[in-house]
Every structure is written in structure tokens, then in C-alpha cells.
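Sequence order for the protein chains is G and H. Numbered by this note's numbering, the letters in the first sequence go through residues 1 to 189 in order. Numbered by this note's numbering, the letters in the second sequence go through residues 1 to 120 in order.
Please note that the accuracy of each hint is not assured.
Here are a few chain H residues that face chain G, going by a calculated C-beta distance under 7 Å [said to hold, decoys possible]: (1) L15; (2) D19; (3) R20; (4) F26; (5) T29; (6) R46.
Mimicking EDC-like on lysine to aspartate or glutamate, the simulated pairs with C-alpha atoms at most 20 Å apart in a straight line are [unchecked claim]: (7) G:K93 to G:D135; (8) G:K61 to G:D49; (9) G:K176 to H:D5; (10) G:K176 to H:E95; (11) H:K110 to H:E95; (12) G:K176 to H:E7; (13) G:K93 to G:D49; (14) G:K176 to G:E155.
Calculated directly from the structure, the hints in this document are not laboratory data. Since we're looking at a predicted model, the values are computed, not measured. Every residue, glycine too, gets a C-beta built ideally from N, C-alpha and C.
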Amino acid sequence: MESALAPLILEAANAEERAMDDIELRLQLERVHADCFGWAMACCGRDSDDAEEVLQTVYLKVLDGRARYDGRSSFRTWLFGVIRHTAASERRKAWLRRLLLERKADNLKPESTVSPDVELDRDSRRDGLHRALADLAARQREVLQLVFYHELTVEEAATVMGISTGSARTHYARGKARLATLLADSQAL
Amino acid sequence: MTMDDSELRRRFSQLREADRERTPTFAQTHQRARARSASRVSIFVRPVAIGAVATVLIATIWMARGRSFSHSESAPAIATWRAPTDVLLDTPGSELLAEMPALGASVLDKMIPTPSMRGT
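Based on the provided sequences and hints, a complete structural model is requested.
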């Protein structure tokens with residue numbers, strides 16, 4: 001009797017554990033959601049629609065178990081890596097779609113809820129940094145965004161970017177110098 | 001003019017605050033992700049369903065045709081069937097060509113009976 005019940009008890013325990021994992025995972029995602037959106041924006045050339053699409057894909061990957069957290073780094077660092085990888089993959093797909101003349105219709109995009117005047121004012125305030133960041137090399141932009149925007153260490157940034165710490169340090173130093181010059185130039189104008 | 005880290009941090013912090021304002025909630029993003037996933041499933045399922053229906057339709061038509069052919073069992077077999085225009089081939093003297101002529105014999109022997117044949 002006991003031997004017949006044992007698999008059922010084990011299965012129930014596993015199911016409960018899976019449900020707990022799922023809830024815990026969702027809570028963790030919710031905790032870092034705003035930060036993830038900011039990183040997704042950086043990975044998608046600051047396009048909020050693309051950023052949300054990437055984030056949706058990432059959440060599905062994580063919750064469906066296609067991307068598993070292995071505990072080798074912090075959850076946020078690992079998730080940033082998944083976002084970066086997914087954004088790159090989506091960019092490649094978009095490039096292929098454009099190549100096959102399957103352009104996404106612009107009118108299908110939802111309109112911004114913020115009025116154009118407010119948007120313009122905000123844009124002008126951030127424009128200097130946006131433009132300067134856009135002029136940086138991709139790796140330099142990424143490492144600076146991770147360090148200054150998300151307040152990660154250079155080592156953590158290296159993990160997210162999948163490069164060595166030494167390489168990340170080089171990109172960080174060069175990027176910071178170049179960004180400072182670009183911002184100073186834009187102020188001088 | 002150089003820019004120190006604190007100035008860069010301040011600028012990035014402004015950017016972060018601006019991004020926070022337009023960040024969708026986690027629930028919204030998660031809900032949209034689930035909806036997108038469901039619609040993606042239907043996108044993949046639809047061609048499979050259409051393919052299955054088409055296969056069943058083709059198979060049904062094929063079987064119905066096969067059955068209609070097998071209904072013609074009352075028709076004569078090809079070995080015994082004779083064309084209605086066969087009589088046109090039945091020309092005078094065709095019986096002479098119907099069998100192999102024997103060596104030393106003449107076709108005329110058949111047409112004009114010899115005395116030996118007549119004597120019987």
C-alpha cells in the first residue's frame with residue numbers, strides 16, 4: 001500500500017515545488033521589471049515597443065523554463081544577459097524580415113499616451129545623452145549603461161555582455177572618456 | 001573640459017527616471033506575453049488544421065473515385081471485349097491470312113478445291 005502511494009506523494013510534492021518555483025520566479029521578475037525594461041530599451045535602440053516585445057519574449061522563456069537561472073551570478077545579472085541575447089536575436093529576425101520585404105506596418109504601433117509637447121520637452125533634455133550614447137561603439141554604450149544606469153559593477157557588466165572583465169574595463173574606460181568628450185562638445189555648441 | 005563620474009551618474013539617473021515613467025507594469029507585460037504566446041500557437045495550429053482537412057478531403061475524393069470504378073464490374077473483361085467497329089476488319093479473304101500457310105501449299109488450294117479433295 002505504502003509503495004503504491006509513494007510515487008503519488010512524490011509527484012504531488014514535485015508539483016507543489018514547481019508551483020512554488022513559478023511563484024518565486026514571478027516575484028523575482030516583478031522585482032526587477034523596471035530595471036529590465038530600461039536595459040531592454042538600451043538593447044533595442046531606445047524603442048519602447050521593441051523593448052516591451054523583447055521583455056515579453058524573455059518572460060515567456062523564463063517562465064516556460066526555456067531559460068533557466070543556474071545561480072552562477074545574481075538573478076538580475078543573469079536576466080540582463082538573457083535580455084541582451086534575446087534583443088540581438090530579435091534584431092537579426094527583424095533584419096531578415098526587412099530583407100524579405102515584410103516590413104511591420106507602422107500604423108499598427110500603438111500611439112504614445114504622452115502629448116507630443118511633453119515628449120518633445122523631455123526629448124530635448126535627454127537628447128544630449130542620447131546622441132552621445134548613439135555615437136559610442138556598441139560595447140562601450142552597453143558597459144556604460146550597465147554601470148551608470150543600472151549601477152552594476154564592471155565585473156557584473158562583463159558577465160551580462162559575455163566578455164572578460166579585462167575587456168569590459170577597456171570598453172568602460174574608452175567609452176567613458178569618449179562620452180565625456182561628446183557631452184562636453186554638445187554643451188559647448 | 002572633462003566630465004567626472006558623478007555628472008555622468010546624474011545624467012543617467014535622469015534618463016532612468018524618464019524611462020520609469022513609460023515603463024509598463026509587470027502584469028501588463030506578462031499578460032501581453034501570454035496573449036502573444038497563445039496567438040502564436042494558433043498561428044502554428046491553423047496551417048496544420050488546414051492541411052489535415054485538405055488531406056482528408058483529397059483522401060475521401062480519391063476513395064470515392066476508386067469505388068465508382070469498382071462499380072463497373074458488369075462490364076466485359078478487356079480480353080473478351082470487342083470493339084463495335086471490328087466488323088470493318090472482317091474483309092473478304094481475311095480467313096486466308098488468319099492461319100499460317102503450309103510450305104508447298106497454295107492459297108488457291110483453299111479457294112479452288114483440288115480433284116483429290118473433290119473426290120471425297
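Could you tell me which of the numbered hints above are not met by this structure, giving the numbers in increasing order? Hints 6, 7, 10 not satisfied by this model.
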